[in-house]
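J.: In order, the protein sequence lines correspond to chains A and B. Heads up, the first sequence is in the working numbering, so the first residue is 1 and it goes up one at a time. Heads up, the second sequence is in the working numbering, so the first residue is 1001 and it goes up one at a time.
The set of hints was computed from the structure by calculation and includes no laboratory data. Any given hint might turn out to be false.
As the list claims (entries may be wrong) - Some chain B residues close to chain A (C-beta under 7 angstroms, calculated; not the full set):
#	residue
1	H1127
2	R1182
3	Y1184
Claimed, not checked - Below, a sample of chain A positions facing chain B; criterion: calculated Cβ distance under 7 angstroms:
#	residue
4	I54
5	E58
6	R80
7	K84
8	L89
Note that beta-carbon positions come from the ideal geometry of N, C-alpha and C, so glycine has one too.
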Amino acid sequence: MMQRKLSVILENKPGALARIVGLFHQRGYNIESLHVDPVKDVENYKDIEELLNITLKENEVSRLIITTTVSDTLLRQILRQINKLIDVLIAQEESK
Amino acid sequence: MKLPGNDILIQSLINEGVEYIFGYPGGAALHIYDAIFNQNEIEHILVRHEQGATHAADGYARATGKPGVVLVTSGPGATNAITGIATAFMDSIPMVVLSGQVATHLIGTDAFQETDMIGISRPIVKHSFTVESADKISEVIKQAFFIATSGRPGPVVIDIPKDTTAPDKLFDFVLPESTNIRSYNPPVEPEIKQIKRAVDAIIDAEKPVIYAGGGSINSNASEELIELNKILNFPVTNTLMGLGVYPAEDIRFMGMLGMHGTYQSNMAMHNADLIIAIGARFDDRITNTPDLFAPHAKIIHFDVDQSSISKIIEANIAITGQVKNSLKVLIDELNKKTNMIEHTKIKPWLTQIDEWTDQHGLNHELYKENSDTSSILPQAVVQHVYQITNGEAYVTSDVGQHQMFAAQYYHFNKPRRWINSGGLGTMGFGLPAAMGVKFAFPNDEVVCITGEGSIQMCIQELSTCKQYNLPIKIININNEALGMVKQWQDMNYGGRHSESTYQSSLPDFVELVESYGHKAFKVEKNSDLKSTLEKAFSIRDELVFVDVYVDPEEHVYPMLVAPNGSLKDMWLSKDKKV
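All chains should be built: construct the whole structure from the sequences, respecting the hints.
T.: Structure representation (structure tokens):
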């Protein structure tokens, strides 16, 4: 078990954040900290634009940072569950 | 073309090919109901309780593969639909639920019949939408149907504030041709590299088992599965949700596995060296204690939902994609290597499985008993129904012992014929689900195998059956107790029957059903069973309810030993454990 930082890019839509927070509770995962902001500096997200073959506009998506303490197996499961949410563009572990 | 929101909604539903809406009107949905009144293309079915609407839509969806559509009002209409939405969610059934909502300016004010439907339904939907304005309706409907039916299917809720369907404001109506959601791209085709690894594992296997679940039905992969096993000749087991995807009468079919699975299926899974999981999710009714599950098996897992793979049991070879497509690719790859498949290699394994079947397989000839010195066995009731319907009926069930007996003793040879609430285990599902099936297939036999506990949870739908003249057959396996609860109390709680009997308070079901305007018969003796069931099934144009009093002491076996047991640890009778 170790502390992980997850980064989630999601559509900036009403209810999208609640789905992620709800998922943590529903699946019995713990959130230690959470920070969310609309993405303004889209030029810093070129890698994601390339990976998903999309173009981002200012304030169109939000970036969510969650810290949680989990095992490798559970981390994989959490990321898969978050990625399954319809409004989520990508969820990944923040590279250290 | 300019239309008001309520007409835009209905036109959008027509465009999706919707035939039936199962629903119940109320204040916040009245604009929508007015638009339904003014058209002939969609038939609205008025149920007697919103739970019935969701289960009926669900039954329609399971039998046809098309999404079921539900319309309810706000507040209690929406909350009553919750159990049915959760039922569909757990079994990955495509469904679109339209819920009325108070007008936008009233949201958050605790208005009359206001409830936060999006919030309440969030954990049990694949996705949900709130309609922001009438000009967004057609796009929302398009997206909702796309999400509900693609990838791993599931229910989608659309909450519709009353003002967005007002008849007095007109909007441009353009039907979207298609839709694209950039954040939603469910996998379709498998990775060829993984398929090749699977082929190698299959060629090496000496003790293989194919374990196919509900996902293989959702993906319409029955033909591919049968074709695959023409090449392999591997033993096959199905989950409760997968019954019918592989023909039950095929020589390689071992029956259901898991909590009440057959001895041979559970033993084969436990002793296998290769498990090919196809659209199955290793839930706790299947694995028993996960740490003790199939200790020698390599696992190949086919699923459309990546989060189902390696969730409970780590897969050695993960194949993400629509299982229909994945199986096609697997078949192609296997066909290139037919010279390497040695059928003799699995011969000892097939012989071992035959021995297990001979030792402790189910007795499928209990129906031959017609002496009145013994009580009617619930298993024999299902066997008679199977015989009379030639195994071709659509069978819905509720939840409990009767459900397990139906799964064990009705042999399903085709997918989408066995309609039951597997994941959530919802009592009350059977009758409304049978209604949905009957609307879809009016000329086919539709049987609801239920119990006196479950049927009372949605019995009001007998009235709906009268209104729409639905000649369903209802077989009430009546043991005058909550049988499965009682069985667990017998096995694990020293026989203390806490709140599992009704103390002579059951209704006279024959009189009750007749008061709804249907036919009903009561059976209490073995010697009357066959003839009464035959009489019931000979009546083609009326709903017939057969109330069969069965041995109240009967248990469902095999039964896995839990907790801390593996798949090989089973009760085979009240006093025999292996």
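J.: With reference to the structure, classify each hint as holding or not holding.
T.: So, going through the hints one by one against the coordinates:
About 4 angstroms separates the beta-carbon of H1127(B) from the nearest beta-carbon of chain A, less than 7 angstroms, and the hint is met. Given hint, R1182(B) at the interface with chain A, holds; its Cβ is 5 angstroms from that chain's nearest Cβ, closer than 7 angstroms. Because the smallest distance between the Cβ of Y1184(B) and any Cβ of chain A comes to about 5 angstroms, under 7 angstroms, the interface hint for this residue holds. The restraint placing I54(A) at the interface with chain B holds, with a minimum CB-CB distance near 5 angstroms, inside the 7 angstroms limit.
The interface hint given for E58(A) is violated, since its Cβ lies 16 angstroms from the closest Cβ of chain B, which is over the 7 angstroms cut-off. Look at R80(A): its Cβ gets to within about 4 angstroms of chain B, closer than 7 angstroms, so that hint holds up. A cut of 7 angstroms between beta carbons decides the hint on K84(A): the least distance to chain B is about 5 angstroms, and the hint holds. Interface restraint check: L89(A) against chain B, minimum CB-CB distance 5 angstroms, threshold 7 angstroms, status holds.
Hint compliance for this structure: hint 5 is the single one not met.
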